[in-house]
Amino acid sequence: MKKILIVDDKKEVRELVQVTLRGADYTILQAKNDKEAIEITHAKKPDLIIMDIMMPGDIDGLDAVRTIKSDPKTKDVKIIMLTAKSQTSDLDEGFKAGADGYFIKPFSPLDLIRKVEEVLG
Amino acid sequence: MEDKDKTRKQPLDEFAKLRKRVTELEKSERHKISPEFLSDGYLSVDLKGKITDCNSAFLNHIGYSREDIVNKYFTKLPTLRLKDIPRYIKMYNSTRRGKFPKPIEYEWIHKDGTTRWGEAYFGLARKKHRISGFNIITRDITERKKEEETLQKSEARLAEAQRITHIGVWELDIVANTLTWSDEIYRLFGLEPQQFGATYEEFLDNIHPDDREMTNKAYTESVKNKTPYNIVHRLLLKDGTVKYVNERSETFYDDDGKPIRSIGTVHDITERRRAEEKIKEYSENLEQMVKERTEKLNHALKDTEEAKDRIDGILKSVADGLIVTDLRHRVILMNNAAEDLLGVRLSNVIGRSIDFAVEEKTLREKIRYTLNKKTTGYKFDFEWPGDDPKNPKIMRARTSVIHDKKGKDSGIVTIIHDVTHEREVDRMKTEFLSTAAHELRTPLTSIQGFSEILMTKEDLSGDEKKKFLHYINKQSISLAKIVRDLLDVSRIESRRGLAINKTKCDIKKIIKQVIPYFEEQSQIHKFKANFPEKSVELHVDKEKIEQILKNLIGNSVKYSPKGGDIKINVEIDGDCCKFLVKDQGIGMTSEQVEKVFDKFFRADASETAPDGTGLGLTIVKYLVEAHNGKIWIESRKGKGTEVAFTIPLKPNQAINEMKS
Chain A
1 MKKILIVDDK KEVRELVQVT LRGADYTILQ AKNDKEAIEI THAKKPDLII
51 MDIMMPGDID GLDAVRTIKS DPKTKDVKII MLTAKSQTSD LDEGFKAGAD
101 GYFIKPFSPL DLIRKVEEVL G
Chain B
122 MEDKDKTRKQ PLDEFAKLRK RVTELEKSER HKISPEFLSD GYLSVDLKGK
172 ITDCNSAFLN HIGYSREDIV NKYFTKLPTL RLKDIPRYIK MYNSTRRGKF
222 PKPIEYEWIH KDGTTRWGEA YFGLARKKHR ISGFNIITRD ITERKKEEET
272 LQKSEARLAE AQRITHIGVW ELDIVANTLT WSDEIYRLFG LEPQQFGATY
322 EEFLDNIHPD DREMTNKAYT ESVKNKTPYN IVHRLLLKDG TVKYVNERSE
372 TFYDDDGKPI RSIGTVHDIT ERRRAEEKIK EYSENLEQMV KERTEKLNHA
422 LKDTEEAKDR IDGILKSVAD GLIVTDLRHR VILMNNAAED LLGVRLSNVI
472 GRSIDFAVEE KTLREKIRYT LNKKTTGYKF DFEWPGDDPK NPKIMRARTS
522 VIHDKKGKDS GIVTIIHDVT HEREVDRMKT EFLSTAAHEL RTPLTSIQGF
572 SEILMTKEDL SGDEKKKFLH YINKQSISLA KIVRDLLDVS RIESRRGLAI
622 NKTKCDIKKI IKQVIPYFEE QSQIHKFKAN FPEKSVELHV DKEKIEQILK
672 NLIGNSVKYS PKGGDIKINV EIDGDCCKFL VKDQGIGMTS EQVEKVFDKF
722 FRADASETAP DGTGLGLTIV KYLVEAHNGK IWIESRKGKG TEVAFTIPLK
772 PNQAINEMKS
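Residue numbers (our numbering), protein chains in the order written: chain A, 1 to 121; chain B, 122 to 781.
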């Protein structure tokens with residue numbers, strides 16, 4: 001069973017993603033900041049991280065992406081950026097950091113399922 | 122004329138003598154006196170008109186020999202001119218009738234071809250008391266004739282000269298009391314020349330009445346004092362014409378000192394005088410014109426100076442710095458703003474190089490660059506240390522080449538504008554949009570996401586459905602608030618302001634309606650309201666006061682994540698109603714407090730940061746001020762925050778205060 005980590009500072013958004021992916025054959029993990037995200041990634045080895053990259057916190061969201069992608073132990077973890085930023089330059093930054101896809105808030109849960117299947121597929 | 126008569130008189134006398142001689146000759150015939158002794162020409166003609174004899178003097182007159190003359194008919198004389206023949210015949214007839222005619226003047230042709238003048242006198246020749254022919258005495262008067270001609274010519278010339286120069290001559294014979302006028306004087310007086318005899322009275326009559334006495338006096342005194350006089354007086358002619366004449370006169374005296382005659386000239390200077398008057402008039406006009414022009418020029422100069430002062434004033438008072446430099450980069454002008462900006466005084470740098478006046482390298486180089494490249498409207502930004510080197514100002518300079526009237530470059534004008542604020546506003550605007558977008562996306566994410574899940578997911582429990590609907594509702598309210606805040610700020614920013622509809626409101630009532638809204642949302646906070654015993658009624662916009670209170674209480678709730686008391690106090694403080702919202706939340710540092718009313722400022726952007734656009738307090742401040750009130754904040758990090766605001770008890774009170 002594939003493990004998916006949801007990283008967002010807002011409980012409501014984590015809940016939304018959780019409910020969206022419920023019923024499919026995934027184990028859902030949650031982290032509310034970058035620090036937790038990196039810890040859980042190391043501990044639980046998720047297959048996919050859906051991460052809000054404009055989160056307030058100690059580390060820039062992109063830094064977390066870079067950290068995970070540059071660590072040999074975690075570099076194969078797929079990362080989908082979930083962002084309120086929609087400017088191409090912001091997304092480019094994300095891809096440069098190693099992200100595998102992006103999703104812009106607000107989003108359609110059904111689209112997210114398809115995107116997750118695509119990335120994990 | 123008179124002279125001519127005189128000259129004629131003399132020959133007449135002569136001829137009386139001549140006649141006598143002829144008579145003598147007649148007698149001498151008898152006494153056989155030879156005509157050869159006569160100095161005048163002698164010619165005898167018989168009754169048939171044949172010349173019978175002549176003397177040597179006659180032959181000398183005509184240049185021919187005796188043989189050429191004697192026994193020839195008189196009318197065939199080679200010296201005769203045809204046109205004179207009738208006169209000789211007349212003379213002949215008249216002489217035959219025994220009348221002694223006046224001598225005749227005649228012209229003859231000398232043998233040498235020259236025309237000569239002669240005078241001839243005819244007399245009868247008798248033989249034995251019978252008329253036998255004529256004796257003719259002739260005289261060569263060529264020399265006299267020439268003199269007469271010369272005299273006539275010079276007289277004519279004199280008259281012509283008088284006519285041309287408008288100078289008339291008069292002569293007063295004091296002894297004989299006769300006044301002689303030259304033709305020109307008659308003309309001057311508007312009379313036909315020599316129309317009637319001149320008199321001194323006639324002369325005085327023609328003088329302008331106003332000048333008559335003066336002229337008479339001038340003449341009489343001149344005669345008395347024996348000094349010539351030279352005056353200008355007017356003539357008033359019979360037809361009303363006025364003339365100006367220059368009169369000079371000199372009197373001659375006999376050995377006893379008695380005046381004999383006065384000679385004077387009258388010079389018509391009317392035209393000159395008119396010209397002089399015209400010139401005077403012109404010069405007066407010119408003077409007047411010059412005066413007027415000078416006045417106008419002075420006016421124009423004054424206007425120009427005023428305009429210049431005005432422009433100077435405008436230039437000096439414009440808020441933007443203005444520097445004018447010439448083609449050699451010397452400072453020509455600098456306004457107050459530029460002086461303040463560059464920290465120099467125009468008086469110290471005028472005429473000196475910009476290297477001296479402008480320390481800032483970029484600015485200096487760009488000014489030079491503009492002139493070198495002849496680029497007009499060159500725009501560039503540079504940082505200016507200003508008062509606070511840590512927060513340099515951003516200055517925007519525009520340089521342009523100044524062209525003179527002929528279109529030639531004459532210098533550079535540089536305008537420096539402080540764009541720090543604009544830059545900041547730009548930055549804030551971008552941030553506003555980005556934040557606004559982000560803030561809108563957050564509630565929209567929940568609304569779109571949960572509504573779609575509610576529509577598509579079939580494995581949802583009743584509680585879940587209820588919870589998701591609650592999320593959607595909550596986020597819709599949040600969204601509505603964000604939108605309202607954005608619109609409010611936009612209205613405030615664009616200075617259209619927010620409509621304030623004031624009515625009499627019971628403050629206690631408003632607060633009692635607001636508190637339950639928060640009590641519903643939070644169980645960890647205690648809301649405590651305090652009011653004066655007496656009900657407080659204010660003339661305010663109820664909705665706006667509600668908005669203020671909701672914002673402040675909402676902030677207290679948001680920034681007291683661990684709960685605690687939230688006090689709402691209302692009290693009468695002088696002529697104001699003072700509101701206080703106090704919490705026991707996370708509080709703020711003094712730096713944060715300073716920025717608390719800035720747009721988009723959010724004290725806490727940490728992990729636990731509450732949602733918000735950072736617009737709330739900006740709007741609250743505006744609303745309080747729109748009610749003529751004041752707002753202030755006291756806060757201590759970790760202890761809590763206290764926001765106070767006042768609303769005047771009487772409407773328009775603050776405005777009245779300001780007026781007084």
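Among the hints, a few may not be true.
[Claimed, not checked] Heads up, simulated BS3-like pairs for lysine-lysine below, C-alpha to C-alpha not over 30 Å straight-line:
id	chain 1	residue 1	chain 2	residue 2
1	B	Lys399	B	Lys347
2	A	Lys10	B	Lys249
3	B	Lys625	B	Lys586
4	B	Lys511	B	Lys527
5	A	Lys10	B	Lys197
6	B	Lys647	A	Lys11
7	B	Lys586	A	Lys2
8	A	Lys11	B	Lys703
9	B	Lys751	A	Lys10
10	A	Lys3	B	Lys249
11	B	Lys629	B	Lys578
[What the hints assert, rightly or not] Covered stretches of chain A, going by a simulated chain B footprint (3 or more residues, C-beta under 8 Å):
id	region
12	5-15
13	63-74
Treat the hints as calculated values from the structure; they're not laboratory data. Virtual Cβ for every residue (Gly too), placed ideally from N, Cα, C.
Exercise. Taking 30 Å as the top limit, are the C-alpha atoms of B/Lys629 and B/Lys578 close enough?
Worked result: Violated, because 47 Å separates the two Cα atoms, which is more than 30 Å.
For this session: Decide if the proposed pair is consistent with the structure: B/Lys399 and B/Lys347, CA atoms, cutoff 30 Å inclusive.
Result: violated, 36 Å
Exercise. Given the hint that B/Lys511 pairs with B/Lys527, does the C-alpha gap stay at or below 30 Å?
Worked result: violated, 47 Å
Exercise. Are three or more residues of the region 63-74 of chain A within 8 Å, CB to CB, of chain B?
Worked result: Violated, because only 0 residues of the region 63-74 of chain A bring their Cβ atoms closer than 8 Å to Cβ atoms of chain B.
For this session: Given the hint that A/Lys10 pairs with B/Lys197, test it: the Cα-Cα distance must not exceed 30 Å.
Result: violated, 167 Å
Exercise. Does B/Lys249 lie within 30 Å of A/Lys3 when you go C-alpha to C-alpha?
Worked result: Not satisfied, since the Cα-Cα distance of roughly 201 Å exceeds 30 Å.
Exercise. Quick check: the region 5-15 of chain A, covered by chain B? Criterion 3+ residues, Cβ under 8 Å.
Worked result: The restraint on the region 5-15 of chain A holds, since 4 of its residues have a Cβ under 8 Å from chain B and three suffice.
Exercise. Are the Cα atoms of B/Lys751 and A/Lys10 separated by 30 Å or less?
Worked result: Roughly 36 Å separates the two Cα atoms, so the pair is violated.
Exercise. Does the structure keep B/Lys625 and B/Lys586 at a Cα separation of 30 Å or less?
Worked result: Not OK: B/Lys625 and B/Lys586 at ~44 Å, beyond 30 Å, violated.
Exercise. Are the Cα positions of B/Lys586 and A/Lys2 separated by 30 Å at most?
Worked result: The hint holds at about 27 Å.
Exercise. Between A/Lys11 and B/Lys703, does the CA-CA distance stay at or below 30 Å?
Worked result: Distance ~29 Å between A/Lys11 and B/Lys703 Cα, so the pair holds.
Exercise. Taking 30 Å as the top limit, are the C-alpha atoms of A/Lys10 and B/Lys249 close enough?
Worked result: Not OK: A/Lys10 and B/Lys249 at ~189 Å, beyond 30 Å, violated.
This entry does not satisfy hints 1, 2, 3, 4, 5, 9, 10, 11, 13, going by the numbered hints stated previously.
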